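There are 2 protein chains.
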Amino acid sequence: MHPGKQQYVVARAAYSEVGFKAQHQPVERYHKTALDHVRMYFRCSTSRVKRILLSLFPIVSWLPTYSLKEWLVSDIVSGVSTGLVCVLQGLAYALLVSVPAGYGLYAAFFPILTYFFLGTSRHISVGPFPVVSLMVGTVVERMVTDDSAGANSTIFPADMSKEERQVWVAASVTFLSGIVQLALGFLQVGFIVIYLSDPMISGFTTAAAIHVLVSQLKFVFQLTVPGFSGPLALIYTLKHIFTHITESNVADIVISLIIMSVVFVFKEINDRFKSKLPVPIPIEVIMTIIATGVSYAFNFEETYSVDIVGSLPKGYQTPLPPNTAVLQQSFGDAFSVAIVGFAVAFSVAKVYSIKHDYVIDGNQELVALGISNMFCGAFRGFAASTALSRTAIQESTGGKTQVAGLLSAVIVMIVTLAIGFLLAPLPKSVLGAIVIINLKGMLMQFREIGPLWKKDKYDCLVWVIAFIAAVLLGLDIGLGAAIGFELLTIVFRTQFPQCSVLANINGTDLYRNRKDHVNIYEPEGVKIFRCPSPIFFANIDFFRTKLTEAIGFNPLRILRKRNKAIRKIKKMLQKGELMATTKGYVETADGHRPNDSDNENDKNEEDPDAAPDTRELPLRVDWRSLPAGIHVPGVDTHSIVLDFAAVSFLDVSAMKGLKSILKEFVRIEIDVYIAACDVSLLLEKLERCGFFDEEITPEIFFLTIHDAVLCILDRHDSIHTLSVSNGKVTEDKEKLQVEEELGRETARCSQTHSSESPGTEA
Amino acid sequence: MHPGKQQYVVARAAYSEVGFKAQHQPVERYHKTALDHVRMYFRCSTSRVKRILLSLFPIVSWLPTYSLKEWLVSDIVSGVSTGLVCVLQGLAYALLVSVPAGYGLYAAFFPILTYFFLGTSRHISVGPFPVVSLMVGTVVERMVTDDSAGANSTIFPADMSKEERQVWVAASVTFLSGIVQLALGFLQVGFIVIYLSDPMISGFTTAAAIHVLVSQLKFVFQLTVPGFSGPLALIYTLKHIFTHITESNVADIVISLIIMSVVFVFKEINDRFKSKLPVPIPIEVIMTIIATGVSYAFNFEETYSVDIVGSLPKGYQTPLPPNTAVLQQSFGDAFSVAIVGFAVAFSVAKVYSIKHDYVIDGNQELVALGISNMFCGAFRGFAASTALSRTAIQESTGGKTQVAGLLSAVIVMIVTLAIGFLLAPLPKSVLGAIVIINLKGMLMQFREIGPLWKKDKYDCLVWVIAFIAAVLLGLDIGLGAAIGFELLTIVFRTQFPQCSVLANINGTDLYRNRKDHVNIYEPEGVKIFRCPSPIFFANIDFFRTKLTEAIGFNPLRILRKRNKAIRKIKKMLQKGELMATTKGYVETADGHRPNDSDNENDKNEEDPDAAPDTRELPLRVDWRSLPAGIHVPGVDTHSIVLDFAAVSFLDVSAMKGLKSILKEFVRIEIDVYIAACDVSLLLEKLERCGFFDEEITPEIFFLTIHDAVLCILDRHDSIHTLSVSNGKVTEDKEKLQVEEELGRETARCSQTHSSESPGTEA
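Keeping their order, the protein sequence lines are chains A and B.
Here my numbering is used: position 471 in the first sequence is 520, and no number is missing along the way.
Here my numbering is used: position 717 in the second sequence is 766, and no number is missing along the way.
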């Protein structure tokens, strides 16, 4: 090797894999077995235990480095702003769960306390999320019916009020979903989050924003909407709203529109003058206070029959064990809640962890959310995840750590304990309007579609499918469908490889697509075929079709025709119509054509797909000059090189298919070479699987395309009729023939490699 | 290029992709757009129309070449044997549909008539299949209740008997499933069959055999088993049978055991003396005739209360339009029936098409089965697919074409029209025993597991999961789960690539895993990293981890430490604690350590992840000899080569991740080169997606690893301190610096390539 300036000069032996291995014996290495990996996984050491404990309490790693000077002010501002929104959203989402509004404050308080210690995301605001709330609400509606004689009435004490029952059901479902999350976390199932690709998360969260939007419409229009659930729930809800739109309250619509416009304008101002404002204007809070004041002053409730929040319960209540009957009957729902809650929280957390460049841990998030939900459920709250809008507020108002979250919980506590009564006159439509306007950021993700389509069609498709599935099927089934489709795209990407025929760039050892270049050299009779993807059950037939197209003929057809021709020749020899002369087979009779029907009789004797049996023939058959009356399509290819550089794996179906393809070519005396194949991944596997036999040997594997082509040229340069040699292409037979025919020794490359290739370093 | 004997001698310019492109301008090619493909798909030509018509009537291609002499005898023998089994199975499976036994003869007759013309499989025996029959039976049981006042009673005429209603429901569901199959066929959805890999089909058909076995147990024990359906139906059925086993009829068990043993022995004899017997002994038929005779003679029905077939309806009835109310209420069931029926028929057909080496067409099979089911449903039959056992008989008794199938239909017709009454005394347990014993072949597929595990763990897992899913979840859901898992394995296979670090084989241009060889040369400061799989969302993090492990340090950590160090140096320079001399930075004060807390103030000013900003510094920072008090981990790598030969695709997530990884390395002044990357698939895509900017240029792409290494050696051989050059690694800056520092022109490889690389052909 001459590493001379900008010159690539190499002189070495041309290697087949076998020859290379003989000269450069690989080291015997111990490869870890599955058992070793399991053992390693359960290995115990103090540093490991310490690491696990640290990962269980992420707060230990970030709180000591907390920078009071830099972060505290931002966190306080963010915590207060978020806390006020927490209060507002808690009230709004409690209505979706069909429990009194005050319990929403519990759901906005308890989960944060535990997440503060256990969570790995620094920016998400843990608490009620509308879709999850809606899902819990479905169970509540199902279990607690107005009809006190209903089937479920036996599971509650007789003296319990309807409200208490509703709260108990919601708390029990929440507790169960927490158990599910905790279990998944300990089972280390958080790894599923690597399957949440960026386009999928983007599409899914955009769909979630649509769900939130629709869930808030009923407050904007002040309509009673039944709790639809399952696929197409969104459509039914919209249909219900639009069919009942005439019943909506004009006062509420006006209030909502005013709130929305004002909040929108101020948010734009906040955005534009970000650098000049010391702190963003907390416009939502200001508008809520104004709206509450105005509503109280002009008595909106009675004057315009505006729906108001009403009085809130004061203080906290004792913990409540979950209702076992509810646990049994709601496992499916709790599982959906657990998965959707986690998926939403994690996907939002991932957005911010990428933006602020820190690591979040899926398993730990599951554990944190699980414990938070169990804690919250025990204290009569309902399922927590994160609200997209609230997290956006926490981050955009400058929240740096979960200290902001903790402060928001303090605000919620203050409202619960002290000033809750002040919120009683607040119109619900104000809550709805604020939630809707905060969805802007998530809905803006629609703009990603265009650039994504230009970058990668499959990823764009994943976005669109994730969005449509989550909108139409609901977030739970939609998420499953989206992940399924996303994984399917990996199959699609590899399923239809852009196979190409390569040729040599003049004067180099490089091979490129022959269609891409003009001055390109394709050795005569050699086809170099590249498959740029793994080969497996779903594309082995495609691979065969493309290879056949590239070669220009179907080897099986040629083989069957040749076998038929050989039978004819044998018959004609028997009948004396042909004579074997030194010039080949010569007809003796005057152009007598063999009768086709004669041949049908012995059809059953021989397998038409076996290698031609020419042992009984006195002479080789030269397929280029056959006796009259026998036609076999001509073959002008003597060697095929398959470039397997990008074939990263082969499965059993592919190995079987590849073997049958190789056999077909070998039997019509076309040599197949496989180049640049990964030795440790593929070649060793093929050997292990019994891929090789007397027809297909490991000798066909070459290090590079150029090595294979050199060997081919070497073989076919001197012996131009080798391609029509007799019988199977095995080393000894062929060699003997070559010697017989040409009467001289010919240097044989693959022969030499395996024996005594000299070290030829330049 | 010297194609000399067994010598690989090359002397050419070392190329980067950019340099290569400049010298070998690729041809401008028109690439087909999606629209072109659609246009092509709908293009119309006479040959195309002819081909489509031919593919719609496969009989046109095989019947004219039918060899009377050779095939007719086999087909007659096979047809008669299969016909008798058709009769037996038709009777048995009709009981699973909850219709009178005689209608099973219709289901065994009508579908064959149409499949003969339309089907592409030569060996499957179309007709009733127990699992599909059971699925139809579930609908019948649901729709036709004993309670005549039930909700569904309004959909039938009041004067219709229960039996007639059952038949009508079964026929309607069958008709609907036929419509579904036909629609799927015309939509060309038959391509889904490429997702049925060999191990999956094997596992699935084995599970189907278990289902058939269990469905026949109730006849063997003569027990009444309720029609379980859905997941775990098999378990419930078995549980029911074993809890009620004391109620079983000993006479039936004895009959079954006798039939099973005799049939088993004779089948073994048939197998062993295959070559000596002119025709296999039709033992099932003989035993059925004997059993019927004995049952009649000793009046089994009354003496031992054996359950017998009873009288069959004679002849055929007029066609019946499907019941529209049933069609509306059973779409889901009909869809499952259509899919399972097709999947079973196709997977069985594929087994025999591989064995006998002919091509079957998934779409055409869908069309054929669809029309057959519609035809059968119109004539009061029930859903047809193929029975595994019956097809095995048709093939093993020598059936060559569907002529055998047609003859079996004739036999069924003869029984229906003439001699049906003779079968009345036949015990049902005889039917069950014969069906069970014929499952042997399918159940023997269990032996595939061992070899499969040795060949490919994933494929073995697919077999096992397909089997377990189909057994436990039922064939419909199980099939979906199996396909889902099978596709998931493609993701798994690529998800955890075995990345490796390569090194040069002495004296060659070859690079192999450095762990595998002893005499291997790793250029100093160069790491060659190979990722042997595509990179996408699910493994980009894995790729990053493995790369970081291979390099030995985390570039982001180094970058942040360096930025911190530069801030310290600036501060020390300002304070006069450091002086810039020709020997580098020299401390002036007596070992004064910079105060850590000082640096915290300006943390917010600069992005810790940006490239170090050294413009204000008077001298380059030599990271190897820093002033006292400033510590930055040492980096002994100056170049990384990524071998992308096997990276067959990158998705958007991977591109984003790769870009951030590359940036991190570039910013700590490590050059990254990408070698052997597919130009048309990857490089062009990266260019299209805006992957390149001023930090990452297309110049980093090289044709082979060796080209990249040559360039690296060239750069670093003469300029050993280049890796510590100042600022960003862009062409001009660096060049200037090199000139400044070394005061001489240095030949730069990537520079030369893009401008005036001479044609250096040897």
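If you are wondering where the hints come from, they were derived from the structure by calculation, not from laboratory data.
Careful: at least some of the hints might be erroneous.
One copy or two, it doesn't matter: identical chains are merged, so the pair holds either way.
Said to hold, decoys possible - Derived lysine-lysine pairs resembling BS3-like cross-links, with alpha carbons at most 30 Å apart: (1) Lys325 to Lys705; (2) Lys399 to Lys734; (3) Lys363 to Lys595; (4) Lys705 to Lys211; (5) Lys595 to Lys506; (6) Lys624 to Lys363; (7) Lys595 to Lys399; (8) Lys595 to Lys734; (9) Lys316 to Lys211; (10) Lys506 to Lys81; (11) Lys118 to Lys399; (12) Lys610 to Lys316; (13) Lys620 to Lys288; (14) Lys323 to Lys503; (15) Lys506 to Lys99; (16) Lys399 to Lys70; (17) Lys70 to Lys503; (18) Lys564 to Lys404; (19) Lys595 to Lys288; (20) Lys211 to Lys613.
Just so it is clear, the structure is predicted and the values come from calculations on it, not from any experiment.
Verification of the hints:
For the identical chains of this complex, Lys325 and Lys705 are neighbours neither inside a copy (69 Å) nor across copies (32 Å), given an alpha-carbon limit of 30 Å. Taking the closest pair of Cα atoms, Lys399 and Lys734 come within 30 Å of each other only across two copies (26 Å); inside a single copy the shortest separation is 39 Å, beyond that limit. With identical chains, the CA atoms of Lys363 and Lys595 are never at most 30 Å apart, being 74 Å at best within one copy and 55 Å at best between copies. When the C-alpha separation of Lys705 and Lys211 is checked against a cutoff of 30 Å, the pair qualifies neither within a copy, at 66 Å, nor between copies, at 53 Å.
When the C-alpha separation of Lys595 and Lys506 is checked against a cutoff of 30 Å, the pair qualifies both within a copy, at 23 Å, and between copies, at 28 Å. Proximity of Lys624 to Lys363 under the C-alpha cut-off of 30 Å is found in neither arrangement, the shortest distances being 112 Å within a copy and 60 Å between copies. When the C-alpha separation of Lys595 and Lys399 is checked against a cutoff of 30 Å, the pair qualifies only between copies, where the shortest distance is 21 Å, while the shortest distance within a copy is 42 Å. When the C-alpha separation of Lys595 and Lys734 is checked against a cutoff of 30 Å, the pair qualifies both within a copy, at 25 Å, and between copies, at 23 Å.
Proximity of Lys316 and Lys211 under a CA criterion of 30 Å is satisfied in neither setting, with 41 Å inside one chain copy and 70 Å between copies. Taking the shortest alpha-carbon separations for Lys506 and Lys81, only the inter-copy value of 15 Å comes in at or below 30 Å, while the best intra-copy value is 39 Å. With identical chains, the CA atoms of Lys118 and Lys399 are at most 30 Å apart within one copy only, with a shortest distance of 27 Å there and 72 Å across copies. In this assembly of identical chains, the alpha carbons of Lys610 and Lys316 never lie at most 30 Å apart, being 79 Å within a copy and 38 Å across copies at closest.
Taking the closest pair of Cα atoms, Lys620 and Lys288 never come within 30 Å of each other, the shortest separation being 82 Å inside a single copy and 66 Å across copies. In this assembly of identical chains, the alpha carbons of Lys323 and Lys503 never lie at most 30 Å apart, being 32 Å within a copy and 63 Å across copies at closest. For a Cα distance limit of 30 Å, the shortest separation of Lys506 from Lys99 qualifies neither inside one copy, at 45 Å, nor across copies, at 35 Å. For the homomeric pair Lys399 and Lys70, neither the shortest alpha-carbon distance inside one copy (47 Å) nor that between copies (40 Å) is at most 30 Å.
In this assembly of identical chains, Lys70 and Lys503 lie within 30 Å of each other by CA distance solely across copies; the values are 24 Å between and 46 Å within a copy. Within a single copy, Lys564 and Lys404 get their C-alpha atoms no closer than 44 Å, and across copies no closer than 39 Å, so neither meets the 30 Å cut-off. For the identical chains of this complex, Lys595 and Lys288 are neighbours neither inside a copy (51 Å) nor across copies (52 Å), given an alpha-carbon limit of 30 Å. For the identical chains of this complex, Lys211 and Lys613 are neighbours neither inside a copy (88 Å) nor across copies (62 Å), given an alpha-carbon limit of 30 Å.
Comparing the model with each earlier hint shows violations of hints 1, 3, 4, 6, 9, 12, 13, 14, 15, 16, 18, 19, 20; every other hint is respected.
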